[in-house]
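Novice: Sequence:
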Amino acid sequence: YLFFTTVAIVFTEKYGFSAGSSGLTFMGVGIGTVTGTLIVSFWGDKVATSLSQKRGARTPEFRLPLMAYSVPVIPGGLLMYGWTAEKGVFWLVPMIGTFIVGVGILFVFGPLASYLVDAFTMHAASALAASTIFRSIFGAFLPLAGPPLYDALGLGWGNTILAAFALLMAPMPWVIMKKGELIRGKYAHRVY
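The sequence shown runs 640 to 831 under the numbering used here.
No wet-lab data here; the hints were simulated from the structure. Note that the Cβ used here is the ideal one computed from N, Cα and C, for glycine as well. Hints are not guaranteed to be accurate.
Here are the in silico distance ranges between beta carbons for each label pair [claimed, not checked]:
| # | residue 1 | residue 2 | range |
| --- | --- | --- | --- |
| 1 | Arg823 | Asp684 | 17 to 23 Å |
| 2 | Pro787 | Lys685 | 42 to 48 Å |
| 3 | Pro810 | Leu663 | 21 to 27 Å |
Below are the DSBU-like pairs computed for lysine-lysine, each with C-alpha atoms no more than 35 Å apart in a straight line [what the hints assert, rightly or not]:
| # | residue 1 | residue 2 |
| --- | --- | --- |
| 4 | Lys825 | Lys653 |
| 5 | Lys817 | Lys653 |
| 6 | Lys817 | Lys685 |
| 7 | Lys818 | Lys693 |
| 8 | Lys825 | Lys685 |
| 9 | Lys726 | Lys653 |
| 10 | Lys693 | Lys817 |
Model the full structure from these sequences, guided by the hints.
Specialist: Written as structure tokens, this is what we have:
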């Protein structure tokens with residue numbers, strides 16, 4: 640969410656786009672999310688089905704390999720966008736960085752949504768709602784930190800910090816793939 644606070648400003652102030660054209664700069668992210676959706680919808684089910692056939696059973700964790708292996712996508716896009724915009728490289732290059740971030744966003748949220756539905760079948764709507772509320776709270780308040788962060792550090796280092804935070808989350812899908820069934824069993828829904 641912090642990343643989004645910079646896109647229109649960067650392309651108007653650094654690259655001289657008009658106010659009207661600066662809105663079009665979000666097309667990089669938009670096309671990236673559409674591309675990510677197509678990839679995840681095709682490969683996510685293929686991977687889960689293949690793992691189910693190999694292992695003889697289907698578990699919700701089979702939804703996560705695409706997310707686990709694509710962890711570097713978002714940090715890579717953030718770094719490309721931040722450093723190329725910081726250095727004033729031709730505008731298309733940071734736009735490609737935003738495209739990569741868009742693809743990466745869907746590589747995380749697509750498998751996560753599928754995992755939540757498979758893991759909490761009877762309460763899938765509640766699990767998805769909790770995920771949405773959590774993301775929305777961050778989406779509402781985290782962007783307030785964007786301008787001070789980028790004013791203090793610049794685009795390159797500001798996005799490097801965001802990329803580092805994204806990489807710190809990299810082990811999570813691996814942990815859930817390894818221990819997810821145990822965790823779900825330990826905290827199974829109980830009706831009192």
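Novice: Confirm or reject each hint.
Specialist: Checked hints:
Restraint check, Arg823 to Asp684: a C-beta distance of roughly 21 Å satisfies the suggested window 17 to 23 Å. The given range of 42 to 48 Å is respected by Pro787 and Lys685, whose C-beta atoms sit roughly 43 Å from each other. Distance hint for Pro810 and Leu663: a CB-CB separation of about 37 Å, inconsistent with the stated range 21 to 27 Å. Proposed proximity of Lys825 and Lys653 is contradicted: the alpha carbons are some 52 Å apart, above 35 Å.
At most 35 Å may separate the alpha-carbon atoms for a hinted pair to count; Lys817 and Lys653 exceed this at roughly 45 Å. Between Lys817 and Lys685, the direct Cα distance comes to roughly 20 Å. Compliance with the 35 Å bound is thereby established for this hinted pair. For a cut-off of 35 Å, the pair hint linking Lys818 to Lys693 stands: about 19 Å separates their Cα positions. Taking the CA atoms of Lys825 and Lys685, the gap is about 29 Å. The hint holds against a cut of 35 Å.
Taken as a hint, the Lys726 and Lys653 pair is honoured in the structure, with Cα atoms around 10 Å apart against an allowance of 35 Å. Taking the CA atoms of Lys693 and Lys817, the gap is about 17 Å. The hint holds against a cut of 35 Å.
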